[in-house]
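Residue numbers (the numbering used here), protein chains in the order written: chain R, 563 to 995; chain U, 563 to 995.
Do not take every clue at face value.
You can't tell identical chains apart in this list, so a pair holds if it fits in one copy or across any two.
Straight line, CA to CA, 20 Å or less: simulated SDA-like cross-link-like pairs of lysine to any residue [what the hints assert, rightly or not]:
| hint | residue 1 | residue 2 |
| --- | --- | --- |
| 1 | K913 | A847 |
| 2 | K675 | E616 |
| 3 | K675 | A612 |
| 4 | K913 | T932 |
| 5 | K675 | G621 |
Hints are computed from structural coordinates only; laboratory data are not their basis.
There are 2 protein chains.
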Amino acid sequence: MTVTETLAQWAAALVDLPDTMRASVLSSVFDWASVGLAGRGEPVAQRTRAAVLEEGGAGQAGLFGGGSSNARSAALVNGATSHALDYDDTHFLHIGHPSVAVTPAALAVAQWKDASGAAFIDALALGLEASCRIGDWLGRAHYEAGFHQTGTAGAFGATVAAGRLLGLDAGQMTHALALTATRAAGLKSQFGTMGKPLNAGFAAEVGVTCAMLAAQGVESTPDAIAGPQGFGPTHAGMARDQALDGLGQTWVFPDVSYKFHACCHGLHAMLEAAGRLRNAVTADAIQSITIHTHPRWLAVCNQPSPEMGLGAKFSYRLTAAMAFAGVDTAALDSYTDAMTSRADLVALRNKVTVIGDPALTDMQTRVSVTTAEGTQDAFHDLMATGPAEAVRQRLQDKSASLLGTDVSGPLWQAVAGLRDASHTKALTDILFA
Amino acid sequence: MTVTETLAQWAAALVDLPDTMRASVLSSVFDWASVGLAGRGEPVAQRTRAAVLEEGGAGQAGLFGGGSSNARSAALVNGATSHALDYDDTHFLHIGHPSVAVTPAALAVAQWKDASGAAFIDALALGLEASCRIGDWLGRAHYEAGFHQTGTAGAFGATVAAGRLLGLDAGQMTHALALTATRAAGLKSQFGTMGKPLNAGFAAEVGVTCAMLAAQGVESTPDAIAGPQGFGPTHAGMARDQALDGLGQTWVFPDVSYKFHACCHGLHAMLEAAGRLRNAVTADAIQSITIHTHPRWLAVCNQPSPEMGLGAKFSYRLTAAMAFAGVDTAALDSYTDAMTSRADLVALRNKVTVIGDPALTDMQTRVSVTTAEGTQDAFHDLMATGPAEAVRQRLQDKSASLLGTDVSGPLWQAVAGLRDASHTKALTDILFA
Chain R
563 MTVTETLAQW AAALVDLPDT MRASVLSSVF DWASVGLAGR GEPVAQRTRA
613 AVLEEGGAGQ AGLFGGGSSN ARSAALVNGA TSHALDYDDT HFLHIGHPSV
663 AVTPAALAVA QWKDASGAAF IDALALGLEA SCRIGDWLGR AHYEAGFHQT
713 GTAGAFGATV AAGRLLGLDA GQMTHALALT ATRAAGLKSQ FGTMGKPLNA
763 GFAAEVGVTC AMLAAQGVES TPDAIAGPQG FGPTHAGMAR DQALDGLGQT
813 WVFPDVSYKF HACCHGLHAM LEAAGRLRNA VTADAIQSIT IHTHPRWLAV
863 CNQPSPEMGL GAKFSYRLTA AMAFAGVDTA ALDSYTDAMT SRADLVALRN
913 KVTVIGDPAL TDMQTRVSVT TAEGTQDAFH DLMATGPAEA VRQRLQDKSA
963 SLLGTDVSGP LWQAVAGLRD ASHTKALTDI LFA
Chain U
563 MTVTETLAQW AAALVDLPDT MRASVLSSVF DWASVGLAGR GEPVAQRTRA
613 AVLEEGGAGQ AGLFGGGSSN ARSAALVNGA TSHALDYDDT HFLHIGHPSV
663 AVTPAALAVA QWKDASGAAF IDALALGLEA SCRIGDWLGR AHYEAGFHQT
713 GTAGAFGATV AAGRLLGLDA GQMTHALALT ATRAAGLKSQ FGTMGKPLNA
763 GFAAEVGVTC AMLAAQGVES TPDAIAGPQG FGPTHAGMAR DQALDGLGQT
813 WVFPDVSYKF HACCHGLHAM LEAAGRLRNA VTADAIQSIT IHTHPRWLAV
863 CNQPSPEMGL GAKFSYRLTA AMAFAGVDTA ALDSYTDAMT SRADLVALRN
913 KVTVIGDPAL TDMQTRVSVT TAEGTQDAFH DLMATGPAEA VRQRLQDKSA
963 SLLGTDVSGP LWQAVAGLRD ASHTKALTDI LFA
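Please build the complete structure, drawing on both the sequences and the hints.
This is the structure in structure tokens:
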């Protein structure tokens, strides 16, 4: 059985989600909805929405920012919008951001077909899991070659979710995934431009499109992902077949990592560790700060002396200074040009040394802070997410900070009620008002 | 200036088409329209159209088979439909089929924006030329790696055509092409499935989408095609910069090659040569036939003893036998399963020897036929297209054979009248009835 068929049979079969998976999916829907609502004013969101509104359309699904369109155009707009702030979840096995490609596809089709909340959650769970598995199957070589797994692996996940909600059988799902193989795309060279969030939107739209085509009986080749000149071989995929082990028995998606700081994910373990040290020292007393992190991040988010707010989001030294000085690193408006030249932060930043340490994983960071009293250490591993309830509380705090409690409260209620809802309207009424 | 910017500045500038280019574009529109109308009953055409009609939509542009949708969905349907029969034009420098990706995008936007016939032709000319230039820039290594230039280079051409009709300036066109770089796709491993014609439709849709986004102000990186981890470097592109030489002064599109036989283009030079010999010999008298062709084709269309109609389309031996036996190789319904087992054709087919000859280009074939009277030779080079009037006559014959003269006659009149038409309605009324 080919990789394409293996995934399709799993995705089309009956599903009985374990509680941990269902809880993770609900947390991710909530986080996705929060960052999507918070991002709807971003230029890429507004402009993509304007392009789609110009098409007119059938009002099948709502758009962040208001209005509606056909399902696949809604997936495009909502994918780009929810990734616009770069504040959405990350999965390190996936090497990308699963929710922003898969959730818009699932929600657009669920809304269009008036699916139940439970059907939406099941489809989304399968899509999110599929995108993580395929991202892992493609592997780091695919990412290093220049492909953006959020867009590529994300498209396959979006297809699974959309296909599930369109009721595809295993054969149709095979064709839908095979069409995705000739359609999935997304380059990292778009980073720093509106093309990055659009990669998520494009992936979401590809998923809806390929599922719709397969539902109408369009056929492709069953070996399109892993076979000769399939998607993997033509896109530097590593064909890590072990990534598909345990499909149906185990779920990798719950290892998803949420952003609680509005900056590059490579900085988050450091900021968590710094947060634990912060109450033990005053900024004025700090003589030096040393950060040990995985060497990969040094090429990603180690701008030593940023001069713009965007650069601050990619700077160990400045964000460490911000954390120890008590600046809220979760707030979007902390990352301004002015923040990069604030005298106390510049002084503190200049006391920070960043060291690449291959003994750490890329989710681990150690921070040491030295004062006249001595040196204190803290270590954080993003894989150690802590109790589910604590994570959910932080997500609610994040949402409240982004949207205000008058929105975040009802939003959480709508998400929590999905399992028993006969449709997704309570959620979409808030998101697409 | 980057490759992306070079193309964008050329595509957005004033254009003064030479007569040869304009004539070629009109011929290609006519041929594209003929094979699109003839293909509208194919399963991939009907199913893709059904998927799009389910979206509803704003009636911006017509669909082969009837009905309408928004422009980018129309581009998808009409691209897939016009490539469904594999009877559309080929450009050997492009290494693909330019019209099926570019023309649907141009026509959908022209219809949506009620552009004049002249504006449609200008935009289409630029788009077709761009797709040939980029196909050549990507080169044979891109094709050999598994990418289908019809889909990849075609998407860039579609963007140029659509962007031109949306009035993009050079900066916006740069962004439109840069977005295309993160969106273009298409795998050869889809050959033999509905994914092949869909690659053309997807490319057409990508073009309209990226042009629409750029028109709304969406921005990307100006180095997205040739820069680090741009489309070329990540997709085995050869970066043949000479492919862009003379842009604005010279036009490569007029070397386009039309199909006058309803089979693989690798067989056409042979069939042209055989056609010249056929009147000099009777099939019964033939002792042997020898075909010298470029070795590349032996892996493409040299099925020695096909048993199905589809196989016949990829068989030097059988189609040579058909040609010498007087079977119409231009007719779609000549390629049946029954044809492959017709006794006289099997006997004649068994007298054919096919020899790879690296001294020939892949557009040249030599045929020798031996009877008791001796041996006669004929040589054909597809690059030697003959007088434009003769080509046009053959296109009209082909169209009449596909559609009947009651359709092909008015269709030609509508195409010939485009240059002076204030819109494309005379054409679209025929195509999308």
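Handout entry: Intra- versus inter-copy proximity for A612 and K675 (alpha-carbon distance at most 20 Å)
Key = between (24 Å within a copy, 16 Å between copies)
Exercise for the section: Measure nothing new, just compare the shortest in-copy and cross-copy C-alpha distances for K913 and A847 to 20 Å and report within, between, both or neither. Expected result: within (11 Å within a copy, 95 Å between copies)
Exercise for the section: Please work out whether the CA atoms of K913 and T932 approach to 20 Å or closer within one copy, between two copies, in both situations, or in neither? Expected result: within (10 Å within a copy, 90 Å between copies)
Problem - Intra- versus inter-subunit Cα pairing at 20 Å for K675 with G621 - result: Result: close within a single copy only, 12 Å intra versus 22 Å inter.
Problem - Copy assignment of K675 with E616, given that the CA separation must stay at most 20 Å - result: between (23 Å within a copy, 12 Å between copies)
Hint violations for this structure: none, all hints satisfied.
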